[in-house]
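A.B. asks: This is what each chain is made of:
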Amino acid sequence: MSTPSSSAPGAGSEVPNESSDNAPEGVDTAAADSASLDTVAIDTVAIDIRELLRADAEAAAAEAEFADTDLDATDAAAAEAADATPAADPAPAFDAQDTGAGAGRPRTLAEKVWDDHLVVKGENGSPDLLYIDLHLVHEVTSPQAFDGLRAEGRPVRRLDLTIATEDHNTPTLAIDKPIADLTSRTQIDTLRANAKEFGVRLHSLGDLEQGIVHVVGPQLGLTMPGITVVCGDSHTSTHGAFGAMAFGIGTSEVEHVLATQTLPLKPFKTMAITVEGTLRPGVTAKDIILAVIAKIGTGGGQGYVLEYRGSAIRQLSVEGRMTICNMSIEAGARAGMVAPDDITFDYLKGRPHAPAGQDWDDAVAYWRTLQTDDDAVFDAEVFLDADTLEPFVTWGTNPGQGVSLSESVPDPSTIIDPNERASAERALEYMDLEAGTPLKEIKVDAVFMGSCTNSRIEDLRAFASVIKGQKKADGVRVMVVPGSARVRIEAEAEGIDKIVEEFGAEWRFAGCSMCLGMNPDQLAPGERCASTSNRNFEGRQGKGGRTHLVSPLVAAATAIRGTLSSVSDLNEDAKRETVGA
Amino acid sequence: MEKISTLTGVAVPLKRGNVDTDQIIPAVYLKRVTKTGFEDALFAAWRGDPEFVLNQEPYKNGKVLIAGPDFGTGSSREHAVWALRDYGFTAVLSARFGDIFRGNSGKQGLLTGQVDEADIERLWAAIEAQPGIEATVDLIEKTATVGDLTVSFAIDDYTRWRLLEGLDDIGLTLRDEAAITEFESRRASWRPRTLPVK
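Protein chains in written order, with our numbering: chain A, 91 to 671; chain B, 44 to 241.
There may be inaccurate statements among the hints.
[As the list claims (entries may be wrong)] Examples of chain A residues toward chain B, derived with CB under 7 Å:
#	residue
1	Y221
2	D223
3	L224
4	D250
5	I253
[As the list claims (entries may be wrong)] Here chain A is said to cover these stretches of chain B; the calculated rule only asks that three of the stretch's residues, wherever they fall, bring their Cβ under 8 Å from a Cβ of chain A:
#	segment
6	76-84
7	212-218
8	228-240
No wet-lab data here; the hints were simulated from the structure.
Predicted model only: the values in this text are computed from it and were never measured.
All C-beta atoms in this analysis are idealised placements derived from N, C-alpha and C, irrespective of residue type, glycine included.
Isolated chain B (complex conformation):
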């Protein structure tokens, strides 16, 4: 996982609330055997609509998603994070997130910042005044800036630390590699081994 301190990219206003993970990625895409390549699945049910925000030219290369409240509720499918990430999003700002979605995001390097609902409205207005404008998300200062407008966002300290350090769950555990190796050195010889094949 890459370390994150500041992110800059095209800001996308997703002016809908209660976008659950079934809407982020419909179940039909979960049969795949890969962990990447889900960009076409993102918001699949809406992508056919020419009016949908990601179908509008200025927003096609979106990197920072600014969504209505209660983003990522529902099923815990990790694919929702994969789809956002594969499309190119690096951060999502919303007034409220589904807990499991937020947990999954933190584990996989997608920044989720909690912003006051009034500030979300202000961000939307700033973006729509200049469609295609970039947003800068500063994880150190916990702020998001669009043009002259800067708002602050909340993120829990643990997730922020992990993102700043670029640590996924496995990376976190591998910080204890010495302890794992030491444990293995004491592993009794009767304990199971699948190799060599017997």
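So here's chain A without its partners, still in its complex pose:
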């Protein structure tokens, strides 16, 4: 058995950067185009279900919105792979030598993880074949993958690297009752039958480890630094918070990984996102990533793996880092990563599937080598000042349409780019907002606290710390949905359920819930919601629903005041009351 530090490719050192540098300009554009198209295949499944649920003639528009914005760069790689030249000669496995700086030219974190998973190095433009350490499966994107295996008589190659759970369709109330919606029930029943037939570990509704797939992997200690993680879900980028390379894949790739435990992938470009300084009270990881996306745009990360760096990132908990990496896909990136450090190791140690004993020591020794080398060069760099950052909120219908909460709804006529201006005009119409309206004057009908972006125990604690002893604003519906059954139980042990219920909010069972409304948790047409989720697309949370993406702290303050609010607004309220008394 090799030691952790013995699997670095000398030959791999020329992989990612040079290839992308040498690629003609048009290549990336083509990849981006096929990415946006290709993603339709995955996401239309979700869309169509909602379309049926609501008999919504306008869902086609929502689909187009998804297709344009819901980038899944890995599919681009798969599309490129289709055009690759044969060159199927298996490259000789690389020599074992020391990893890290000793392995030739300086490399980034992402390049190191890539190199250490190279099974066959692609030649003449064909993709690299990468080994996948962990495959997460859920009910929406897996049925046809299992069907494909069945048709070809293929088994799952590595059951011990595969785990499934139910999340997108699961109800968050009355989970002991049969699922009312037939499509949802069929998808879940199909996953159960497939898991049984093929022998895949499955955590079903009602199980302690059931929950949003991106909450389940980390809580079990399966997500760890220096590994590759895939899942048929674009928010797989979440796991990059540990220093793993994690990306979403389409159904064909799900089948490919089930059958071979590998994926053919084209190399990527690297982008450093450096966030220096210290966040002010009331400002969180969610505000960092919303600000990053507003800065680089929903397509700014296309073709890149993002590495979040700098003192503000180092100060974040692993759960905060997960929030940031989670939304890398909203900037169009293939993946987002944070180099592992002692905070990562402390979070991981002792979890059920974390390495133990000698394995732990070996792993930590290897993980410490993964940091980007000092003189490594990124293909692009972005800087953000944490000291001046304020709570952030989106005003439009894509995650890049965000501003500081203290600002006003922007005036589209001031936007120079004609496409962006038109997009802003459409967004304001859909959102029923007037340019120039202070964001803090916007009233909401609902608050959603949940999703793979913000449903972990720290998120619930942050939310509870603000609402404790308060009552929600009249007429505002507040829903709190833990990310997993285990998170729910942990929260209940801390009394968070009681705080939520005394506040007047609904305490639900775990799942994706109102983030995408595949289950009954949806907004009514015209309803406005402050949501801790990740996508504010038209109709995402329910047909005609209007979404403002916010942090858990802003969600809590908004639930109290009934208008988009920060925690500091609550403090101002308290001061006024004191003076008034």
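Given chain A's structure and the hints, the job is docking chain B onto it.
C.D. replies: Quick look at chain B alone, frame taken from chain A:
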């Protein structure tokens, strides 16, 4: 995936251009959980029309589709290929294809041959002279024959090779199985395992 060298079957003239994947299979069918059984979904919006070509007796068992230009544009849904395949089509000839559709086809054993627009017209005329006539598509020679008429088609070398060898993406990767197994033998013991359950 089965190896393909020559295909013979009833030729169907689809005299329309810009047949996008929403027309090949409407979105409403994408909710299914299987990868087969989409034959009823193929061209679903047109199947109710008795005049539609597949509703005409000679063409009901069509195997070779000869379509107008820009076939398979739009959404990348793989279901478009599944629907054609499930109906019984083994090859589609057109002057131009949507890129992603063509890629998806190659991966799943549906032959897509690019034929000059004038030759498509000639093929249509030859078929309509004898409705129900078979076409033979020769992947080795890259030709399509209907009766006395033989036209050539273009297909990229990589896709042609994959079809001739019967290799889907997974089959292609499994040619490297020795390298995968060798890689696995060196996989460090600290790396994650979902089993046994802990």
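A.B. asks: Under a C-beta cut-off of less than 8 Å, do 3 or more residues of the segment 212-218 of chain B approach chain A closely enough to confirm the stated coverage?
C.D. replies: holds (count 6)
A.B. asks: Close enough to count: is the Cβ of A:D223 nearer than 7 Å to one in chain B?
C.D. replies: Cβ of A:D223 sits 5 Å from chain B, so the hint holds.
A.B. asks: Is the shortest C-beta separation between A:L224 and chain B less than 7 Å?
C.D. replies: 5 Å, holds
A.B. asks: Does A:I253 pass the interface check with chain B, least Cβ-Cβ distance below 7 Å?
C.D. replies: Since the shortest Cβ distance to chain B is 4 Å, the answer is holds.
A.B. asks: For the segment 228-240 of chain B, count the residues whose Cβ lies under 8 Å from any Cβ of chain A; is that count three or more?
C.D. replies: holds (count 11)
A.B. asks: Given that the segment 76-84 of chain B was listed as covered by chain A, double-check it with a C-beta distance under 8 Å for 3 or more residues.
C.D. replies: Since three or more residues must qualify, the claim that chain A covers the segment 76-84 of chain B holds, with 4 doing so at under 8 Å.
A.B. asks: Go through the hint on A:D250 and say holds or violated, using the shortest Cβ distance to chain B against 7 Å.
C.D. replies: 4 Å, holds
A.B. asks: Next item in the hint list is A:Y221. Is there a CB on chain B closer than 7 Å to its CB?
C.D. replies: 5 Å, holds
Consistency with the previously given hints is maintained throughout, with no hint failing.
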